[in-house]
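Each chain, letter by letter, is given below.
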Amino acid sequence: KAGVTQTPRYLIKTRGQQVTLSCSPISGHRSVSWYQQTPGQGLQFLFEYFSETQRNKGNFPGRFSGRQFSNSRSEMNVSTLELGDSALYLCASSSGQVSTDTQYFGPGTRLTVL
Amino acid sequence: AQSVTQLDSQVPVFEEAPVELRCNYSSSVSVYLFWYVQYPNQGLQLLLKYLSGSTLVESINGFEAEFNKSQTSFHLRKPSVHISDTAEYFCAVSDPGGSEKLVFGKGTKLTVNP
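Sequence order for the protein chains is A and B. Those letters in the first sequence? Residues 1 to 114, per the numbering used here, in order. Those letters in the second sequence? Residues 115 to 228, per the numbering used here, in order.
Some hints here could point you the wrong way.
[Said to hold, decoys possible] Pairwise CB distance ranges, derived in the manner of DEER restraints: (1) A:65 / B:178: 39 to 45 Å; (2) A:30 / B:228: 41 to 47 Å; (3) B:173 / A:95: 17 to 23 Å; (4) B:128 / A:71: 35 to 41 Å; (5) A:84 / B:173: 31 to 37 Å.
It should be emphasised that the hints constitute simulated quantities derived from the structure, not laboratory data. Glycine included, each C-beta is placed from N, C-alpha and C at the ideal position.
Hey, can you work out the whole structure from these sequences and the hints?
Below, the structure is given as structure tokens:
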């Protein structure tokens, strides 16, 4: 089975712009979660989507949003970029149906905001 | 709210020496516990997890962790490390109530020197 894929792997934007990141889960997985990883704050949960619905949400401002499509692929959007949004954005997929399921992580998208 | 504390941000060891990476969590309810490993420029890989049952869990590459409920700890150990174990290790907890959200510690960077 192919793993979780994320595109693009690297992205450079300037302040005020917006960005869209994509995540394709493992085939058959219906849950996609997004995390932000920074040196200062570590790994923080952004949100989780299951069957096209946001099921959980972390403590991030409304500039961070996401969606999930019928094929379980997910996108994350950040509007009005700030310097502090520079981070590695990781997505993880699981079946989402049993809480004991393992989450499998993609390689991440490294976003740099200038 | 759940939180995870990894007491050591960096652990340098020599090859073939034993290592222990410490993890404590704060939760008054049952939790699931995980150790993930992150190699440079890669996403997270699950190393091992505790869901229930035996308090000692093992990974295929020689790591083990022991769940200690009274001390709310889940320390990771390996009796003899290899240079290829150099990576960052993250301890995480999740809620057995069904949320996919993982709460991570800040990570421990393990450096194995020859």
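So, going through the hints one by one against the coordinates:
In this structure the hint that residue 65 of chain A and residue 178 of chain B lie 39 to 45 Å apart at CB holds, the actual value being about 41 Å. Our hint of 41 to 47 Å for residue 30 of chain A and residue 228 of chain B holds, since their Cβ atoms are close to 45 Å apart. Separation of residue 173 of chain B from residue 95 of chain A is about 22 Å and conforms to the stated range, judged on CB atoms against 17 to 23 Å. For the pair residue 128 of chain B and residue 71 of chain A, the supplied restraint of 35 to 41 Å is violated, since their beta-carbon distance comes to about 49 Å.
Restraint check, residue 84 of chain A to residue 173 of chain B: a C-beta distance of roughly 35 Å satisfies the suggested window 31 to 37 Å.
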